[in-house]
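With chain A fixed as given, assemble chains B, C and D onto it according to the hints.
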Amino acid sequence: MNLPSRLLQLLMVVLMVGGASYLMMQSLPGDAAWRIAAGRYGYDALDAAAAASVRAELGLEAQGGLHFLYWLGDILRLELGTSLISGESVWVEIRHQLGNSLSLAGAALGISLLIGPPLGLLAGLRAGGWLDRSLLAVCSLLRATPQFLLALVLILLISVEMGLLPAAGHGEPQHFILPAMTLALGLAAVSARLARDAMAAVTQTAFHDFARWKGLSNAQTFWRHGLRHVALPLVTYLGLQFVTLVEGVVVIESIFGWPGIGHALVHAIFSRDVPMVQGTALVLGVGFVLINLLVDLLGRQLDPRGVK
Amino acid sequence: MVKLLSRLRWQYRTFLHDRRQLAVASVALSLAVVQPSHAQDASAAQASAADTRRLEIVGPFDIKGADPLLSGILFQRMQIVETLVEVDATGELQPGLASDWEVSDDGLEWRFTLRSGVQFHDGSQLDAEVARQVLEIARAKPGLLKSVPVERIVAEDAQTLVIALSEPFAALPAYLADYRQQILAPAAFDETGTAQQVIGTGPYRMLRMTPPLSLEVTAFEDYWGPQPEVRQARYQAVSRAEGRALIAESGDADFTYGLDPASRQRLSQSPRVTLAAAATPRTMLLKVNANHPAFQDPAVRRALSLAIDRTAIAQVVLRYPRGASQLFPPMVEGWHDPALPELHQDVAKARALLDAAGWKVAEDGIRHKDGQRLAISLITFSDRPELPLVATVLERQFHAIGIQTRLDITNFSAIPAGHHDGSLDMALFARNLAMVPDPIGNVLSDYAGTPEASGGDWGAMGWFDADFTAELERMAREGYGPTPARQDPRAQASGVIQRALPVIPIAWYYQNLAISNRLQSAQVDPWERSFGLSELRWAQ
Amino acid sequence: MNQVVEGLAPQRVEAVRRPRLDWPLRRVIGAAMVASLVLLALLGNLVIPGDPLEQHLYRALQGADAVGVSDAGEVITSAPLGYDHLGRSLYHRLVAALGLSLSIAAGAVILAAFSGISLGLLAAGRGGWAERLLSLVADSLLALPGLLLVLMVSVILPSTPLALWLGLSLVLWVEFFRLARATGRSVLASPGVEASRLLGFGAWYRFRHHLWPEMAPVMMTAMAFGMANALMAIAALGFVHVGIPEPTPELGTMMVELLPYWREAPFALLTPVLVTFLLLLGLLLMSGSKARTSTAADTLEGARP
Amino acid sequence: MNVATMTTPASHTRPGATADDVVLSAEDVSVRVRGAQTMLLEPVSLALKAGEPLVVIGETGSGKSLLAQALLGTLPSELVASGSLWLDGEQYPLHTPENRRPLWGRRLAVLPQEPWLALDPLMKVIRQVGEAYRLVAGRSAQASHAAARSDLEQLGVAAASEQLPGKLSGGMAQRVAFAAARAGGAPLLIADEPTKGLDAARVSEIGELLLKSLAETPRAGLMVITHDMALAHQIGGRLMVVRRGQVIEQGATRDVLAAPTHAYTRRLVNAAPQAWPEAAFKPAADSASGDGKAAGETIIRAENLTIARGDTTLLRDVELSVKSGEIIGVQGASGCGKSSLGDALLGLLPPHSGRVVQHAERLEYQKLYQDPVATFPPRRTLGRLLKDLSARHRLDDSQLPQLMEQLSLAPELLSRLPGQVSGGELQRFALLRLMLIKPRFVFADEPTSRLDPLVQQEVIACMVKMVREQGTALVLVSHDAALLRKVADRVLVVEEGRLKACQEI
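Residue numbers (our numbering), protein chains in the order written: chain A, 498 to 805; chain B, 835 to 1374; chain C, 2 to 306; chain D, 188 to 692.
For reference, chain A alone in the conformation it holds in the complex (with noise of 0.2 Å):
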């Protein structure tokens, strides 16, 4: 996609998410302060006195004339409001959440690049092979374990079994490892199979083999006609897979209790904070179109063949 089409998609994900933010503001059951005065103050304090205090301060009884106009206005100016829970501003919190699963997601990418890709790359230039077939059963099991439970066998395993590394928390290196190896484990075994399946294609390819007929050793061959072509759907793939990796994020976050956005993003529509499930969907919808963006400036370099 071309820089246009991608500011389109930008103004249309913000467009979607302010109008799902403003439908579910318009949907809450009951009342949001009773909500709102939940979430601040936990169930052994909340009363209606409580609840009258946080109408009050927050003046919801106005929102009822709220228009869709003003509500997207105010994201346009990129201005998301403040948490009704905290009373922090939306970006003072995702700010540093999102470092926190910026972080995570890092860890986790690169752990899942330094396992696939090399795998499915051996795996695809002897297609058909052990390797090829043991890949193919291994990932096909990692994909169809949903990614809580692949988890807890690790968490089981790892961590309690062995004592190796701690089953949750935050703060020290040692606590990264058991979250990004779940959430790399699952991007390992499709970019893997991705991997292995362009690999196969190239060596399908007759450019490959002319490669090859022209003198090349088979590893000159790899490194100068298989890896770019490899690597092309492979970064596309990326791109696609950031939504995924959030996805597991929200999941793997909760339960090994790391202070991330998708963390933040549950707690958020439990205690109904819209202004921050606006706040980190928005976060994390441009944040898809900009690492799209980047993907198709890559995509560029990679194959400068323009369009395809």
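Derived from the structure by calculation, the hints contain no laboratory data. All C-beta atoms, glycine included, are put in the ideal place defined by N, C-alpha and C. Errors might be hidden in some of the hints.
[Stated by the list, open to error] Here chain C is said to cover these stretches of chain D; the calculated rule only asks that three of the stretch's residues, wherever they fall, bring their Cβ under 8 Å from a Cβ of chain C:
#, stretch
1, 551-560
2, 564-571
3, 575-584
Here is chains B, C and D on its own, set in the frame of chain A:
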């Protein structure tokens, strides 16, 4: 892996056998956890040395912000902040930042003498004026103090704080022990009265706070009391019970709060941790809307109560030795009346009561009266994972007596909200009956009220008893002096609730935690006020 | 290698090509796994009747028992897989949960496939603004995590199964749309479609005989894959407690419920885990992969004139 | 006829005979399916002499490419070769393909067919040539670059050296591929269908290129595999004719082509359009005057027609009228707008300006496509497809058997899927489909360019038969001038965006 599986199988087999014994054992354990320290003197020396050991605490409570109203209870538990009045394990009031207090004969003027030489973490001094400002801020916010008939608060001199009331209120000192009345330095508050920092007087000061999941404290060198042995501590919020249990199991936490029943069972086998439990003044109860056409009739409410198998719920779902026989657990002395006839299950009698009340079983197995089906909704929430489970059990047990129940597992705010708009039928929740160490505050707010606005958000709904209310108000004013019947008035009040059943008690709670073997001893505070950090000793 | 093997006569190619099913063994195994689980969901309750909600609290987490009469004189339904943490028959909960998860997932996939294919073909056929607008919407939806969309829909809609159905459809249709548009674009521009049009065949004929044969394998793959994704999403939502509400049995919620008991009753937890795993594995195997292993056969096939 | 006996005498004389002029020899080369006895290529022996090219001809599927693959060691893994290859005094058993891997690029160069596919689409042209110099011939980076540049200059494609292969024309791509294949320094060149898909003009260029390099390189050998008689003619040297896995005839190229002994070779030679008898396809009546066929009424007329796709104007000011029973040939290079002309005439592409007047029913204007496989629904048997058609238009299909016989289509083909019959058969089915409708006008867009010469000849014959018998107006598009000259009543040429009458007729 094989080892793991065989272990699993063994535990599965022995589970039934173990279940009852375990619960009893863990309660017994809790009574004997505090051990005298033989390292009292050594502790100071150790403290001065750079002790880098950090105590790891894991609990379910998110950190929401610096204001006492948001996460004040956590700051209190971490002993960052203190209140004027403290409470001991038996519920007796103890001196806190106020070393002494007295009340005038007419009960209208309370005089608190503040401890001298108390320093805040920012170096400022505590005096009566500071305490006054902070209490005024607390009074302006929602909370229990609002319901106290305070006329004015005066700093009489540097160490004397006077609280003048418009009418007597015997439980005032207990109210001041509530976490919302924690004493922060004035510098902690912004101009709107919202705390932006946590500057307390406790033995620990805040090192860093990263909401919502963690905060770190370090010992406060200028604390007015003895220096604690544990110099560093970190609290981490882990919202899922499984996650907490796993952390405890892997030995990454020294103190793990809020263990679910199944994890307790598992952790009891772990060599890394010791389980502790203490009865707490928290009861799981079923709030019933007495305005509902069916539940107006006390006999129908009684039938509901008779349908419930509390023992099975306690033993199978909660893994406690037994269910609640009345609203207050035995630890709440005075309010708990051992003489009260126990709530129990009697399905036949429940059916008979419903029949007598005119609710007849129709063809679909559900009772009808005047063309109305006895189908109700039950609201509960999953913040406490046992609640949906118990609700599921209740649904079947009510079904057995011909009542159709629709479970609505939602945000807990639906309960007070449903109370106020009248839409609630039944709600299941866990209520802390002693937010203030003296339960009178809770009982007043939950069961008194006025004929127009009867009961309270987390108590009775549509049920009002004028005499009962008057008696509660008297107790609040005058304390628990003898009545003409020469009975403890608190027990009498419990009796009223037991007979009328505006709420149906299901189970009494225990506080469960796992303590790592790095620690030598640990204390469980039944009032959920403190993690007891300053009392802890390292194992070596 | 195509160009070098070009020299084989068709009759020779026949001889060279191994007999190959349209559905390789992997897919057959996958389909068999899915079919047996679907059968279990459909017939499970007929074979051994029972109520997934019925509780026997004191049997909680116990193993299987036989049909019998309890001390109190009431007939106990047999629970072939034992009991869950509330003494409910795991077998019957599993059967009911399978039925529910499968029907929501299937419903979502069918709705998504129908709307995705229709809109995709509309975009491919019309081109211009219709295509640009639809693609924009699809691309933008793609930018949002599916779980987030379902969560948002579940806030807006009151009924959970309805919200799951619509939310999942909203997530899934994009894939069908993109596939249908891509296939549609190339097939609609192909000489075959043009020839049929010139020969006077109508739109339905062209869809049925040109578009569908090209799309069907891809769509079937996408449907199986979408099914798997939907099932996983339902389970994941159950895991964060926003899935199907209690006490209705659902696979994800069952796992979450039984998770704390993993050491006491590992087999109670394993049953829903295993069923979910097999279901997903079956669907993924069924969906197959574009990659094949027999290179020579493909080369030869590709070389056919 | 026993091929083995035919080739045996030769095989005794060549291998081992380390005569100086033999640069490569092979004995008893055969190919069969692994684990099966069926021979796909019966044993054959051959020798390449320095400076004397060897041409292998045969139809698609005859097994001529298997020969090259067996020698090179590039057979698919399901096929196994036997026999052995002699090169520089070394023997290479053919059943182990790996032993020839080190020869690639160094001793044996391979010129691929469809070179635009054989060049890496993501690498600049000059680097693809240069890397062989650098990595295979072991020259320095600068020397490699310079050598690549000079190669490309010599081949006349220096301008393209910084471009990606996607920008090259077919002929340019083949020259680049030639440079890349030779850069490793291999003196022996095996070219497998080097002119497949190229326009006729390009074919002779490639032929010259091959001959030139053969002449210029010392001790060079050349083996060309083709079905193009013109190329075979041009290359000369020795010739082998392969049919159904057997070498049925060999000898000096010129001799064999001039006087083929084998009937099949004769047919093959005669199948080239150049060799078609003059006027074989012309109507019996005198066609010298344009309106010779008095019965011919105008079926379609284009008036002042301008055709554009998007913003590109392809053809302007087209004036054309076609009468029934008339065959009009349209010749032009690929991409010149020939197909768009058809779309415009058939109403599939709205004219940019001007108009098209059709004088008959909509259904009576039909088209014949280049790739017949793509024009049939893939999952429906041919019989069902014909039934669909007659049901749709309530046609009388009683004449179907007769028509099939005319087109020499066996009835059992009706139960096959379109992908299960050969290209020639399918193209005749496409024709049959049209004949059922009895169209008044057919636009045939390169209908035989993907077919072997023999099959092409058959299909063209059927088409002409349809025109003559049903009085159809036919516009026949082809890049093959010879073919058009032999078939069409008039030939028009597309040049510089205009449709002009061809001067040669």
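Using a Cβ cutoff of 8 Å, are there at least 3 residues of the stretch 551-560 of chain D near chain C, or does the coverage claim fail? Our answer is that it holds, as 7 residues pass the Cβ test (under 8 Å) against chain C, meeting three.
Checking C-beta pairs, does the stretch 575-584 of chain D have three or more residues closer than 8 Å to chain C? holds (count 4)
How does the stretch 564-571 of chain D fare against chain C when you require at least three residues with a CB closer than 8 Å, holds or violated? With 4 residues in contact (Cβ-Cβ under 8 Å with chain C), the coverage given for the stretch 564-571 of chain D holds.
The earlier numbered hints are all upheld by this structure, with none contradicted.
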